[in-house]
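Colleague: Sequence:
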Amino acid sequence: MSVINTNIQAMAAARSLSASQEALGRSLTRLSSGSKIVNPSDDAAGLAVSEKLDAQNRRVRAATTNVQNAISYIQTADGFMSGMTKVLSRMSELAILAKDVTKSSGDIALYSQEFVALQAQLRATIGGTTADIGGTADVSAPLGAFNGITLFGSSATGGLTVTIGQAVGQEMTIPNSNFRDSTGAMWSIIHQDAAGDYDEIALTDSDAIAKITSAIQDVATERASLGASQSRLELASTTLSVEYENLSSAISRIRDVDVAQESTEYSKYNILVQSGTAMLAQANQTPMSVLKLLQS
1 MSVINTNIQA
11 MAAARSLSAS
21 QEALGRSLTR
31 LSSGSKIVNP
41 SDDAAGLAVS
51 EKLDAQNRRV
61 RAATTNVQNA
71 ISYIQTADGF
81 MSGMTKVLSR
91 MSELAILAKD
101 VTKSSGDIAL
111 YSQEFVALQA
121 QLRATIGGTT
131 ADIGGTADVS
141 APLGAFNGIT
151 LFGSSATGGL
161 TVTIGQAVGQ
171 EMTIPNSNFR
181 DSTGAMWSII
191 HQDAAGDYDE
201 IALTDSDAIA
211 KITSAIQDVA
221 TERASLGASQ
231 SRLELASTTL
241 SVEYENLSSA
251 ISRIRDVDVA
261 QESTEYSKYN
271 ILVQSGTAML
281 AQANQTPMSV
291 LKLLQS
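Take the sequence shown: its letters are residues 1 to 296, numbered as in this note's numbering.
These are calculated hints, taken from the structure and not from any lab test. On a predicted model such as this, the values are computed, not experimentally measured, just so you know. By construction, the Cβ of each residue, glycine as well, lies at the ideal position given by its N, Cα and C atoms. Check the hints yourself; a few may be wrong.
Once the Cα atoms are required to be at most 20 Å apart in a straight line, the calculated SDA-like pairs of lysine to any residue come out as [as the list claims (entries may be wrong)]:
| no. | residue 1 | residue 2 |
| --- | --- | --- |
| 1 | Lys52 | Glu245 |
| 2 | Lys86 | Ser214 |
| 3 | Lys268 | Leu28 |
| 4 | Lys268 | Arg253 |
| 5 | Lys36 | Arg15 |
| 6 | Lys36 | Glu200 |
| 7 | Lys52 | Thr64 |
| 8 | Lys86 | Lys36 |
| 9 | Lys268 | Ala109 |
| 10 | Lys86 | Gln113 |
| 11 | Lys86 | Ala145 |
| 12 | Lys52 | Arg253 |
| 13 | Lys36 | Arg253 |
| 14 | Lys103 | Gln113 |
| 15 | Lys86 | Asn270 |
| 16 | Lys36 | Glu262 |
| 17 | Lys99 | Glu200 |
| 18 | Lys36 | Glu22 |
| 19 | Lys268 | Gln21 |
| 20 | Lys268 | Leu17 |
| 21 | Lys52 | Tyr244 |
| 22 | Lys52 | Val168 |
| 23 | Lys36 | Thr264 |
| 24 | Lys268 | Glu22 |
| 25 | Lys103 | Val116 |
| 26 | Lys52 | Leu247 |
| 27 | Lys36 | Arg255 |
| 28 | Lys103 | Glu22 |
Just the calculated beta-carbon pair ranges, DEER-fashion [to be verified]:
| no. | residue 1 | residue 2 | range |
| --- | --- | --- | --- |
| 29 | Met11 | Ala45 | 45 to 53 Å |
| 30 | Ala120 | Ser82 | 15 to 23 Å |
| 31 | Ser72 | Ser206 | 37 to 45 Å |
Whenever a hint applies, use it, and build me the whole structure from the sequences.
Modeller: And the structure:
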């Protein structure tokens, strides 16, 4: 049927051209953004899943940060305890030197001076209140601290609880290294009386070497305990890294555009738009044939 008012062929060509242009624009947006899901309508279920996975991935990264900070905490504590071991070793050496019968009282006094200075270093590192370690004043800002956390004091919780995973309940506890315990050997070395003198141990005490040796053993035991915790944290860090990688891969498969595939789609839609434009122009010329009927 030849008509003038309604050009069905042009309408169909325009509809096809509009669909091709829409697909071309969507393909162009995907290539320019690198994302497969530009609008929620592109993949509603995939968007929901990817958002959930992305939140989980963020928690994994946060847990990784926690674990790395906890490792730094342990390394700091171990570094201080390594220094304590050296101090205690020197004190035990001084205790032996003080037993040399050829030394004069002046020589012994010099050894005692260094001995007391080393005790003061240990006391300043461990810190505590007068109720804990005696003396005339609290050591409220000990050298042994990490980000404001005292490394060698007591804790009501029994240690530091570290989140080592992205889910609820994935935690571990780093045990305390409490050198302020009055039953420990270290306490007898750093404790002072009300006058500020070290009342439990002195260079010339007969049991000085035994107490220092016990303190060295206590420090070694604490270092071993922290070493075990660090080993577990390092394993947790490795596990979190693998989990982060796998989650990132899953998110990428859902959300990231396949550039090779999308480039092919872009070329197809580009050709369809060009051909559709040409066919629309051709369809618009169809009513012109009616003029020939009128001219006749």
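Colleague: Against each hint, give a clear statement of whether it holds in the structure.
Modeller: Outcome of the hint check:
no. : hint                       : verdict
1   : Lys52 x Glu245             : holds, 16 Å
2   : Lys86 x Ser214             : holds, 14 Å
3   : Lys268 x Leu28             : holds, 12 Å
4   : Lys268 x Arg253            : violated, 23 Å
5   : Lys36 x Arg15              : violated, 25 Å
6   : Lys36 x Glu200             : violated, 73 Å
7   : Lys52 x Thr64              : holds, 19 Å
8   : Lys86 x Lys36              : violated, 61 Å
9   : Lys268 x Ala109            : violated, 95 Å
10  : Lys86 x Gln113             : holds, 17 Å
11  : Lys86 x Ala145             : holds, 19 Å
12  : Lys52 x Arg253             : holds, 14 Å
13  : Lys36 x Arg253             : holds, 9 Å
14  : Lys103 x Gln113            : holds, 15 Å
15  : Lys86 x Asn270             : violated, 76 Å
16  : Lys36 x Glu262             : holds, 9 Å
17  : Lys99 x Glu200             : holds, 19 Å
18  : Lys36 x Glu22              : holds, 15 Å
19  : Lys268 x Gln21             : holds, 11 Å
20  : Lys268 x Leu17             : holds, 13 Å
21  : Lys52 x Tyr244             : holds, 14 Å
22  : Lys52 x Val168             : holds, 16 Å
23  : Lys36 x Thr264             : holds, 14 Å
24  : Lys268 x Glu22             : holds, 13 Å
25  : Lys103 x Val116            : holds, 18 Å
26  : Lys52 x Leu247             : holds, 10 Å
27  : Lys36 x Arg255             : holds, 5 Å
28  : Lys103 x Glu22             : violated, 98 Å
29  : Met11 x Ala45: 45 to 53 Å  : violated, 35 Å
30  : Ala120 x Ser82: 15 to 23 Å : holds, 19 Å
31  : Ser72 x Ser206: 37 to 45 Å : holds, 42 Å
The structure shown violates the earlier hints numbered 4, 5, 6, 8, 9, 15, 28, 29.
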